Every structure is written in C-alpha cells, then in structure tokens.
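**Student:** The chain contents come next:
Protein chains: 2
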Amino acid sequence: MTLETGTIRGELRPQIESVLPAVDGGRFAVKRCTDESLVVTAIAYTDGHDRIGCTLLYRGPGEHEWHETPMRSLGNDRWEAQFSPSALGVHEYTVEAWLDPFASWQADMARRSDPDDILALELQAGAELLLEASKHAPASDAARLRACAGQLTADIPLRSRIAIALQDDLAALARRGIDPALRVRYRATLPLVAEPPIARFAAWYEFFPRSARADGQHATFDDAYRMLEYAARLGFDVVYLPPIHPIGETHRKGKNNTPAAEPDDVGSPWAIGSKDGGHTAVNPRLGSLEDFDRFVDRAHELGLRVALDIAFQCSPDHPLVAAHPEWFRQRPDGSIRYAENPPKRYEDIVPFDFSCADWQGLWKVLRDIILFWVERGVHILRVDNPHTKSLAFWEWCIADIRSRYPDVVFLAEAFTRPAVLEGLAMRGFSQSYTYFTWRNTSVELEEYLTELTQTSVREYLRPNLWPNTPDILHEYLQTGGRPAFMARLVLAATLGASYGIYGPAFELCEAAPAAPGSEEYLNSEKYQLRTWDLDAPWSLADLITRVNAIRRAHAALQFDHGLRFHGSDNDQLICYSKASPDGTDVILVVVNLDPHNRQAGHVDLDLSQLGVDAEQPYQVHDLLGDGRYRWIGPRNYVELEPGASHIFVPRSRLRTEQDFDYFV
Amino acid sequence: MTLETGTIRGELRPQIESVLPAVDGGRFAVKRCTDESLVVTAIAYTDGHDRIGCTLLYRGPGEHEWHETPMRSLGNDRWEAQFSPSALGVHEYTVEAWLDPFASWQADMARRSDPDDILALELQAGAELLLEASKHAPASDAARLRACAGQLTADIPLRSRIAIALQDDLAALARRGIDPALRVRYRATLPLVAEPPIARFAAWYEFFPRSARADGQHATFDDAYRMLEYAARLGFDVVYLPPIHPIGETHRKGKNNTPAAEPDDVGSPWAIGSKDGGHTAVNPRLGSLEDFDRFVDRAHELGLRVALDIAFQCSPDHPLVAAHPEWFRQRPDGSIRYAENPPKRYEDIVPFDFSCADWQGLWKVLRDIILFWVERGVHILRVDNPHTKSLAFWEWCIADIRSRYPDVVFLAEAFTRPAVLEGLAMRGFSQSYTYFTWRNTSVELEEYLTELTQTSVREYLRPNLWPNTPDILHEYLQTGGRPAFMARLVLAATLGASYGIYGPAFELCEAAPAAPGSEEYLNSEKYQLRTWDLDAPWSLADLITRVNAIRRAHAALQFDHGLRFHGSDNDQLICYSKASPDGTDVILVVVNLDPHNRQAGHVDLDLSQLGVDAEQPYQVHDLLGDGRYRWIGPRNYVELEPGASHIFVPRSRLRTEQDFDYFV
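Residue numbers (our numbering), protein chains in the order written: chain W, 1 to 664; chain E, 1 to 664.
These aren't lab readings, by the way, just hints derived from the structure by calculation. Incorrect hints may appear among the rest.
For identical chains, the list gives no copy identity; a pair is met inside one copy or between any two copies.
[Claimed, not checked] Quick list of in silico lysine to aspartate or glutamate cross-link-like pairs, EDC-like style, CA-CA up to 16 Å:
1. Lys-255 to Asp-626
2. Lys-255 to Asp-265
3. Lys-344 to Asp-50
4. Lys-364 to Asp-542
5. Lys-344 to Glu-475
6. Lys-344 to Asp-265
7. Lys-135 to Asp-264
8. Lys-344 to Asp-114
9. Lys-364 to Glu-395
10. Lys-364 to Glu-4
11. Lys-364 to Asp-276
From a predicted model like this one, the values you see are computed outputs, not experimental measurements.
Starting from the given sequences, assemble the full structure and let the hints guide the process.
**Tutor:** Below, the structure written as structure tokens:
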C-alpha cells in the first residue's frame, strides 16, 4: 500500500460504516412499498472533535442525479434519515459525510476564553473559512458569505464581531459551500426495490373455479363469477386461482390422489399441459382465453385482483415435452424423468431441468410464459414450489419482468428450509408463504412473528399468512372445530398485513383429513370437483367480512413492522398490538387459542405501544363484538369463549369532569 | 439483465450466503493469533433435494494457491470449518460449494422401490456419473471410477450391482472428480490478520523510568534495571514506558499540571521534542540511545518485552515545528496552533495536521518514526490518543509497518466514543484500552465484557483491561482502599487475557486524587518525579505475582472468547468462568466487589461451562487461597472478605469408594 496511488486521500477525514438496512452487505435489495419510507442509519465520525455533517443520497429508477436529505445525529456517531420511494422499481441509496469546518470553528469560538488578540486572530480564521465556503456556495449565498467574512474582520468592536460570528444561521449558510470534492462517499451503493402497496397489504382468497357450480358439474369461468362476487362481498382483495391450464391425461391422478384416474376424473390442475396446450393455454372445460379475460375484467369491476399460479412443471402430455426433450432430465435410454423424491414418485409431472445445456432457451420461454399472463392483465403471481427451481433463474426472471412491469407481485410458495425460503425472498419474491400454518401456540406465534417483523428478515421478506391451503389442513383445524377456524382467521388477518385462505373449505370449516396423521384434505379439490354450500349456517363468512372491513379501515393492520406482543398470564390468550408507521392508528388484539374451552386471564400491556397514558383510564372498543371497556394501567382482565377474539381500538383521552364546559 | 453477458451461469445451482465472521462485509480484517484457529460458517444450499458439498478455501501471506478443507453440515443449510493461520500477516478465506451428483444419485438409489427395468436404467445413469467424475479426478482415482462404472453396468445380478453402487466410499471417490468449473465461489474474499500470541495474551506493567531511583533524583535507563527485575519478578510480560524523548521547555507544565513550571520541574513526557531532538531521540536525562538499547536487551534477558509510547504530537520546541511548519495548523498570522478543546488549552503541545497539503510527506515521516523504534527491537507500541489523528493514517501506517514486520503489536489508547474506539480496532490496531476502568459493578462488568467477548466485536477488537493509568484514578480506587485495588487486579487479570497496571502507583494503592471529583492523581508522575517504596508492607506485589503465575499456568485465562458469566444472588459477588478454546482448561472466578464489607451468597453455576457433571460432586480448588471445596450441583455458598477473590479450578472426577482397588 503506497501513498501515491491515489487510493488514499489524506484530506478526507470522515469515516462511514454500517449503512443499514442492507441485505447481505448490499448484494440484495431492501424491499419497501410506494406508501412506505425507508429509514436509513449509518455510523459516521471523524478523528478529533471537529464537527461533521452527514447526508443520505438516494435516486429512483432511471435517475442519474442523487436526491439528498440531511441525516440527523442520534448521538454516539449514529445518524438517521429517511426517504420515500418515488416510483416503482429499483432505487439506490448511500451516505456521504463531510467535515463542517465553520460549525466546528463556531462551536470552539463560543467556548473560548482567550485574550483579545487571540480572539481577533480566531475571527480572521473564521472569516477565511467563510471565504473558502463562498467559493463552492451557490451565487446568492456566496455574496452573503463574503459579506459576513468582511464583518468578522471589520473595524467594529470585537464583541460585536463575535456576536456576528456566532449567529445561528451562519453555520447553515457556510454548509452550503462545502467543497464537493471533500465529501466522503460510503463504499457501497445499496439497492431498494419499491413495489405497489398490494405487495404488502391484501386479503387473498384461493378457490378452484371448476368447483364454482352448485350442481356438481365442472364449472366455467362464467360460472365462477358468483365466486368473484362472493369474495368481493367478503372483503377480499385478491382471488387466487390454481393453474387454469389444460390438464394432462397420462398418469392422471384419481380422486384422493389414487394412482389411476377414472375416465371422468378431472385431474390435478398442477399436471399442466395436454394436446390442448401448455402454460399459455386455458383448460377448455373452464372456457377460452377470451372467457378468462372477461373473468379478469369482472374481477376488476368488483375491486378484486386476480392472481394466477405459476407452476413450472409439465404433465407428460405437455407440448414442450415433445418439442424440447432436451429441457427435461432424461434417463440413459432417452426417456423423460418424472418428478420423484424416492421412494415417492410423481408420475403425472415432469420437471424442467433448469441447468440443462440450453438453459438460456428454456429460461426465456419460461419468462415469456409469465409475460404472456402479465400482458393479459394478471400482475399478481403465486409461484408454486419455487425452491425446486434454480434460484439464479428466479433472480433473473423476476428482475426481467420487473424491468418491464414494475408493479408485478410474486408470492413464493416456499415451504422449505428457512435458508432457502429467505434466499428466495432475497432474490426478488415480493412475499412468501411462511411457517405460520404450523405455529399454533402463543410461544410459537410470538417467537416466529417477532422474527419476521422485528429482525433484519423484515427488510426483504414479506410474510403472507395462510391458516390453510389445498395442501395443508393442520391438525389444529382438524380437531378444533369451528372455533379453531375462527381463531386462525383472526390471527392470520391481524398478525399479517397479507393473509389468505383457501376457500370455501376454510369458511365452511372443512376439517376431515385424507387419513389419520395426514395434512391432506379428504376428497381434496386438487383431484376432484366439490360443491360448496356458501350459505351454510356454520359459515364464517360474516366473521371474515367483518375482519376484512376492519383491516381496510385500520392502517395499523396494513403494515407489519408495528407488531408487538404483550404479556398474558394465560398461555391460551395471546395478546398483541399493531401500530401504523406514523403511530396514529393502533389496534390491540386478544385471541383465545383454545378451541375447546372458555379462557380467562390478565393481559399485561406495554402501554407505550398503545399510545395511552399509563396514569389515566383509557377505553378499548372491541370492533368485533362492539363491546367497550374502561381500563387503567397495564394489567387487565380478559375472558373469551372458544373461537372468540377481541380486536380493540384503544382510545387514550377519555372525557372527565374537567372536560365539562363549566368545570372552571 | 440479459442471459448472454455471461454474468449468469445457468449450470451453477448452489448458492452461498453469509460467510462469517466478516467485519463490515469484508471491508476490514478479522483478527486471530497464530495459536488460534478461525471457525468459519456459511449458508449454502441448492434448489430441490440434490446434495451439495462445501469447502473452505484459505491462503496465507504470499500464497497464491488456496488450501482447502471440507466444511461439515450443521443442518438447515449451515456449514462450518476452521483453519489455523500458517504465518503472521494477512490471510484470505472464502467458501466454495458444488453439486454432488453421485452422492445425490446414491441417496436416491438407496431409497428406490422401482421395477427392475427402471433400476437397471438408474444404474446406468449412476455409471455415467462415475465416468463423468473420472474425467476430472486424479489419474489414480479415475481408473477406479471407470472400473466401478463398468461394474454398475456389468452382466452380474442387479442386486449385486446395486450393492456395489451403494458402497460408502464410492461417493467420496466420485467427489474427487467434481468439475472445478462447476464450483461456485462466494462473492467475497475475506481478510484475516494473524498476529503473535502476545497481541492477545500479556500482562503489562507501565512505569516512569525517570522515577526508578529511591533517592528522589532523576533516574536513568541504567537505574531502571531494578524496575525491570521487579516487573519480571512479579510475572509481567510487557513493560510499557511513557515517552522517553526529549521534553519541551516552552510552556512546560509544572507539578500537578500547573501552567508554569519551576526551573527544576521535569515536564510531561508527552510534550515531545526539544533542542535535543524529537521522536527518534532519547531524553538525555534518561541516557543515550545506546543506553536504551541495553535497557531493551536487559528486559529481553529477563523475559520481558518493552513497549514504547507513540504520541504523535510535539512540544513547541520540537525540531519538526521549525523545519515543517506546514505540517501543523496555523493561525492567520502564521503562528502554530497549540492543542485545544476550548475552553481547555494545552499550550505545551502542538498537534500535527494529518490532512495538511503535504500529508504524504508528514505521514511517511511519522511512519518512519515507528520504523525507527521497531528496527531497534521495540515491537510493541502503545499509541497515545489515536482517535485525535486521521483514521486513514492509522490504517495505512499499521498495514505498512506490518508488511515489513508482521509481529508488531499496536495498542490503541482510544478512550473515546464506542464507534471511534471500534473503528480504530477495525483499521488495524491489535488491541485497545477499553471502558473497563469505568465498569465497577457486576451488572456493568457482565454487560460490557459480554459485549466484548460474545458479540461480533470480538472478531476485530482485543481488549486490554487497565484498572488504572497515569490519567485515570477511578473513584472506586480512591475510596475503596487496598481491597478495591485487590478486587480490580483480579478482575482485570482474569477477565482479560491482556491486562495492565500503571505501577508502582497501583500495587502501592496510591489513591489520592488531584482534587475532589477528579480522576487525576495528586502529585502525578506525569509532571514530577516520585519515589516509590516497592517493599511497603501494603504492596500488592505478592497477590500480583500469584495471579500472574496462575495466568501463565492456565490456558483458560489466555483467551477471551471462553468467558461466561454465572448467576449470583448477591450483586456484590461477581462470578464468571473462562475456558480454553479446546475446553480442556477451565477457571472459575468469584470476586467480592464490595471493598468495605464481607459478602456472602450463593452462586448459580452453568455447570456445562465448567465441564463438570451436574449429577456428581466436584471439587473446586482455589489457586489464590489454596482452599478446596466439595460442591454438588449449580448452587453453592461463597463468602469473601473485602478485596478477596476465588480463582478456582473445577475438577469433575472425584474419587469415590468405587475407585478403590478392591471395591469389586
């Protein structure tokens, strides 16, 4: 290391470290939505006791010039500022620091107890700093800086000159003349991806359109309008359809996943492709592409968004299997390998080989499949088993789609190990299914949701909480009856800004497993048509409608970072609050996790999280049951029937006699 | 992002993230000594259920080829391996991962329940993998791989071929034929600096050589031999001398920091430089350079290392002030600025301007000053106030010195804010003074030492714990009498692998402050000669000798990462253990923090840290008092007089009647 190479610049004294948030040191992007801001912190300091300034730099997609915002000191050399993404897409941010020589001089000057001749010399030094600043300041400021410099050395009494030198706004003026060449830039430029708010906040409703008829016949998109109207009435934001493509016939699975289908069996929608086409075709039994387009239009009229399932795998009958056998794994005899994880075999499905010799050709075709649907107006995509496909593919593909359509939202069905789930999120997925489905006790829920919302994971992974899916009927639901479904609905919808249910199985409390110990549904819709009585008296439609309305009315429930858990002396009563980013909206939730018994106990609230005064009574208004309770202090009694919850709005300022007009 | 640029390689499926430890993402080096190893962890995985392998790569200074060591799986996609630095200086490490196709195939094969014709095809596929491996394997392995491939497809019974295919060592053999082009390298190469063990483990003794005479006269290096012998007898490893250079006369400080010196006042050694020379000269009253060289030789004969003080500042009389006024800050009238932090003025000292126009010229001269002493055999340097000098200078200077003399140890006297203290450590200082001096209660000590030894700070900051310095006589010592000094000695020497005292003030329990509320010593040696009665009956020399002997005998006390705190029901009794890296040596310490009262209570031990069986009695042997106690379980009674401590060796396996020869 020599001094002459220019890699070291002795005139640059400030140091910048640990600009956060940063995902794996800036290798991956931080995620925010366009209705959020990003709070950036840094450590910056210089040697000695000179003052420094610190600036956050950021720019949006396509911008070359940086925007700047001053960072404020948090003490101990930590600095903070925030910015809001200006548009959808990739933003960049970094930090600059610079010595603030006039402010340093001013601070010293204010504390000097030197003889007058020294003070006069110091005033001259201050004047020189102002003149130096005038060289780099905007023209209008430069004139004033020169004028002030003149005053500091003018033939007026020393005390008057000192008073001028110490003027509050003079340091700010001089700061506008910091030499840009003396600003130190942090070593990395960090990326942020800005997405639409629906990437964070939405209630999802999954259903099989083919089961939309009440008469047991295979339904069409047209038939499924009633499901759109139903989902809209219940207050959902997104309807998500399992694959809508032609279904293969070779090795088609029968009802209840039997290896051989009966002639009238409809097959699994995830066995994609037949003589009728592949991933860009529609199952003729559902209708035509045009029927699908009208279905999407109808959804939009109802205020719903349609999400499709991207399942990059084929039935053996998929046109690509014959056209491009080189894109699939083959046995030595040239036969195409079906999916397997010995001893399990999935003979109705053949996986792509993402690292085949022609991976570039394959990847582009897969990207074009997504583009096909995006261009038809489907900008929300649920990706099936992304962890069994190349992570490099997803990173490239999502970035490529986003460069064309930056509003497209990708949900990863990454039911796999934590590192892979998180790795997929880092590589671009907007949001992820989580382990919520398997977290049913208060300890599990608190630990897991705290990890998701209060650690660095939250910078890149947005959770989407599902109490059930067509693949997962948890034992808690199997054995807990209707109260279990009620509790899980409230948990999902209030713990997660994004949540979803697979219906109508969910709201109708469908609870029978395929076999004891299995998480598969009996008579699963994956393999057969079902008819659902949407008006069944035990349906949770009313509760869901109410909860979704509360979500729309309360910003607190539309964000995840404001989640905090509160104490409870009864493990069956989980208690947590959510606050909106600006803190103006707060919701407090208590859920009875025991689906079999009434539970009572005391919750122990962190009142600072609720924005209520610990010394004053406050009211909690239950938006679910409409009850109102007057509480005081952190410890309060709660009693809930099986399946019951409170969704409280705490209100701090209760009227007292002192509010009465004539009190004084 | 296009697929054709070559930045994406579709054939590379493994992903590597979070290789740790890494200081600020690899911007700075991790620190280890040559008697330590570095444990490296990484997250690595691939899509799907294929197996991967993971390798730690590392190389020492000057090495171009990488050494490799396999990483072992810790589960959940975490991997771990370790390496030991091969030499002093900068090492590099990174991680590679690769698909292990034959091991994946073998694992599948072992679980297959396919028909025989499929199994035969699979064997053929396995044979193809072995043949592929043979292309990249060493010649000797290649032949065996081809032979095995032949056996898998030979005309022998299917079951025999499967048995051959599933041989345990075949996957390891195939692994030696992984195509190097298919290995994925982590995105960063991380640096490690290896230093000599004395950078981590040493007992330091600071004294003013000029006070080494018993008759009150100014002592010489020759006079100070008795201090070397004394320090060696007490078991110290390093003697550290305040600056030994000529002392300025202009604005020389008098006794007790009075602004004007009397004619016979000796001045502060930190006001460096006079007509007799500057930083490369020796104060004539101490002797000549040759006298100093002999002093160093004498120290080495006694097994001591000499540390000098690098204080980069000048008295106004320093030759460089006249020769290079452009290296100092000047007032508008051309006068040189003395050091100040208004309203405080340090008129006997002028600071260098590290960012002056000729900073390159200045930096090289300062570097050469260090080289001058290093070349005279002083390879341990204590740096005065490094935080008031350019951090870029230190980063460059330390790296430059290390590139020539990689064993040089730098101790930073960085008594400043945490970010700057840590920033200096990141930039190369081997070790740092800490806030230990101001941490005197059990809560403070536990919190601070846990931060230093159990968080990522430990990767780059080595603490050196000092209960006192010539600048700091803490109130605890001022008011606690001899027991306070005893407690602080044991704390420093057992909490820190490196510790130091400023003596003889420390062991003679010098406790009078310059003024009430001040941490300065009354009649401070910084400004005047002192005479010390080393044989005073209240001296702690015996305790220090014993503690230093224990440190040398017990590896547990020579490392810091093995520190763990244990519970105590009495806040005045602090309890902690240290274990050597290999776990074979364990020390348990209990200190009475109350210098005024006997304290008793129960300690609550984490027995797993002590390596003792929770179900069996164990013995603790007090190396200080030589007492032996038979304990069982975690909770045990302790009672200590003011100033008293236990330094226990726990011994797990006590003899019982079953050990008696004739028991059975």
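**Student:** For each hint given before, does the structure comply? Return the numbers of the non-compliant ones in rising order.
**Tutor:** Checked against the structure, the hints that fail are numbers 1, 4, 5, 6, 7 and 11, while the rest are satisfied.
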